[in-house]
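**Student:** Protein chains in written order, with our numbering: chain A, 1 to 316; chain B, 1 to 513.
Incorrect hints may appear among the rest.
[To be verified] Think about it this way: if two alpha-carbon atoms lie no more than 25 Å apart in a straight line, the pair counts; the simulated SDA-like pairs of lysine to any residue are:
| hint | chain 1 | residue 1 | chain 2 | residue 2 |
| --- | --- | --- | --- | --- |
| 1 | A | 233 | A | 199 |
| 2 | B | 202 | A | 199 |
| 3 | B | 347 | B | 367 |
| 4 | B | 185 | A | 88 |
| 5 | B | 185 | A | 81 |
| 6 | B | 32 | B | 321 |
| 7 | A | 47 | B | 406 |
| 8 | A | 47 | B | 142 |
| 9 | A | 47 | B | 347 |
Hints listed in this document are in silico derivations from the structure and should not be mistaken for laboratory results.
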Amino acid sequence: MLFFVARRLLYLIPVLIAVSLLTFFIASLLPGDLAYVILGDQATPEKVAALRHDMGLDQPIWIRYFGWLWNILQGDFGRSFRTGQTVLQAVTERFPVSFELMILAEIVGLAIGVPLAIVCAARSGGAFDRFMTGSAFAMLSLPAFLSAILLIYFFAVELRWLPATGYVPFAEDPGANLRFMVLPALTLALAEWPGIMRVLRSDMIATLQEDYIALAKAKGLKASRILFVHALKPSSLTLVTITGINIGRLIGGTVIVETIFALPGIGRLLVGAIYTRDLIILQGVVLLVAAGFVLMNFIVDLLYAVLDPRIRHGHA
Amino acid sequence: MKAAIRSSTLARIFLVAGFGVALSAAPASAQKSGGSITVGLELDIPGFDPLKVGVFDTSAETAAAAIFDTLVGLDDNAKPVPKLALSWTHSDDFKTWTFKLRQGVKFHDGTPFNAEAFKANFDRQKDPANKCRCAFYIAGIKDVQAPDEYTVVYNLTDPSVNFPAILTIQSSNNVVQSPTAWKTKGDDYNRNPVGTGPYILKSWTAGDRMVLEKNPDYWNKGHPYLDRIVLKPLPDAQSRFASLQSGEADIVWDDEYDADNIQKAQKDPKMKVHTYAGSGAAVYAFNTKTPPFDDVGVRQALVMAIDRKKMSQAITNGLARPATNPYGDGSWVKCKDDGALPEDVEKAKALIKDYGKPVDFKMLVTATPRGRNVGQVLQQFWKRAGANMEIEQVDQATIVPRAFMRQFQLTPWRIVDLADPDPQMYANFHTGSPVALANYSNPELDKLLENARTSPDQAKRIEDYCAVSRLINKEAIWFWTFQNTYYAISASKLKGLPKIYHGVIDVSDTWLE
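Next comes chain A alone, as it looks inside the complex (with noise of 0.2 Å):
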């Protein structure tokens, strides 16, 4: 097992690599030089050479990168130049807001998902199946922002239970915070759960018919014994690989819904870091949350091996 460990982390290192090196290069690729940006108005021919040079941006592009790698490895993901923040000052501010908004998601996706996957697959073909697949379906070809606004109107605005935006810190006042949560974790779950859903139904309809699930109903076991004990955890393995995958479209979901209900997440601070060209926030918030999602899906290997020792053992 621990051997298995070091491996996948040594796959790691390339990639994140080949993360830092995409990072760098597609942030400088945004068009608007940056000095343009910095100096607006004033931005005389002097000034941006002179600014250009001061930002070590004259300075052929792998220099930089190296240059920018370096301070990272040391710790150093650089400052913005607005605000004066630091990069990993921005991320530690910002990051409990998305992490608990996409937690929240997960949970709330996974909680709607699962017993709807296993009732489905327990009648599979039936009249409720039939009508949660299409549901599935139609909810999955709802864009968040179009959900984000409907739940406002009808929770916030008609029914006035939830409020509509905002955020309260979850150390500072647990339940206000969770009121807060309501929406913007349905509206990513929303899109999570039909997927879910689907997944573990047709993983869970192949388990059904082994022959093992056979013998226990001959032994004459109750049925939800069956399909939770006996079916489900052999049928989550897809599951898995989807919750984790899932994360990284949870982080793109988080930008559009963090904007919708104003909350102070990382969605939001690179939304706002690439509409001010604010390039040294960006990269490292990239950076940093591309390592995120790198790292959970590491978790994600390990979570196989842990389901199916088949893996672990290297011989799936």
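Place chain B on chain A using the hints.
**Tutor:** Same frame as chain A, now just chain B:
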């Protein structure tokens, strides 16, 4: 999410001066003290240290109006009124302005406000070693002197007849910050601003909320009324409006591109729509050095082909007010004849035909739904007249450098609401200015602009500015589509909001009924 070209970003270009807020004598006995309001702004505020952020956008200015004071305020008739300065005088040539300061005022950290503190603010921004982006806007000020504790003297490079009005906007140049605070806090000062204003910064969570509490020692006794103001960035227009409906916000920023919600609020008795018909306009500049715009006939044809009424209907449900000159209804410059070209598509067709060659060109638009919308409408108008416009979508941050480097054929721009037309008109049209985007030079135009900035006689200035408008309209080097209108929507219980000068929602002297 962002306007085609809106004050928030491009305003900086012109933010040479501006407007402020009136400490107007509001009707007696109506005001009630106490309570708290939440303000929904559009953008995240990056901070307040001029050396860091350079210039404030309108969201930062809304906060600055509560935390800081300016020397001069502006009443609801756009007349300068005392704030931190009690009175002012000028030299005969309007190049030296002397302000007598209010005594006994203290910053929130206890530092006394005096001429020395004021001069320290100015010198810090002017010092070339500090490389402040804010320095551009005070380039016309040679220096500030502090001859005694309560006297400040401005020495200008050029005459400015309406100078106090220019000091009224709550910009990074005009608000007075505590020198002790920025010296002791260093890098942290940006997010921990200290002023003399009616509200003190209590807490600020990046991207979320800024909590301001009443300054109990405010120099203007009896003010402010509210105990607390919470400022929140609510970037999405739909959820911003929903927050007002559901009561999370008491007043929100808005603009005419959100026409549906504005019109809905106008019919709702629980809401009040605050509008201010400001000066200035949404404008477009032709690069007259590149064909086909080196031909005046082509330029005129394109301007005549625009049907502003129809365009307003298409993009803002008819809310946007057509503009025929760069000054607008909110300006004191009123022209009997501004020389606007007629909206006449037949004449436009004839002019294009006279040109003899195909009229093909590219226009810069911002890569936003609004920018595209405007571009597509103009494209249709010009197609009818026989000209072929290709839309080039770039983002807002790119338009500025492209404009400065003159890498465009036709670009959007903006003339923002300022108390005096001089700073922007001179910058936009005088030969040699970095934002004279049309690349057009005309001694007659230069002469008119110079006269208008040095003449103390307002009637004479109006005449000059109207002549400027006639000349520009005739030469069609720039054109104007819509006047600036600024919007805020509030719960109807919120009272006392002054005019939204320069798009700044100043809630610092409001109260709840």
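**Student:** Now look at each hint and say whether the structure bears it out.
**Tutor:** Okay, the hints, checked on the actual structure:
1. For the suggested pair residue 233 (chain A) and residue 199 (chain A), the alpha carbons sit about 14 Å apart, so the restraint of at most 25 Å is met.
2. For a cut-off of 25 Å, the pair hint linking residue 202 (chain B) to residue 199 (chain A) is broken: about 50 Å separates their Cα positions.
3. For a cut-off of 25 Å, the pair hint linking residue 347 (chain B) to residue 367 (chain B) is broken: about 32 Å separates their Cα positions.
4. For the proposed pair residue 185 (chain B) and residue 88 (chain A), the alpha carbon gap of about 20 Å is at most 25 Å, so the pair holds.
5. Taking the CA atoms of residue 185 (chain B) and residue 81 (chain A), the gap is about 18 Å. The hint holds against a cut of 25 Å.
6. Among the hinted pairs, residue 32 (chain B) with residue 321 (chain B) is inconsistent with the structure: their alpha-carbon atoms are about 36 Å apart, more than 25 Å.
7. Between residue 47 (chain A) and residue 406 (chain B) the alpha-carbon distance is near 17 Å, which keeps this suggested pair within the 25 Å criterion.
8. The hinted pair formed by residue 47 (chain A) and residue 142 (chain B) meets the criterion: a straight-line CA distance of about 20 Å does not exceed 25 Å.
9. The suggested pairing of residue 47 (chain A) with residue 347 (chain B) is violated, with an alpha-carbon distance near 45 Å, which exceeds 25 Å.
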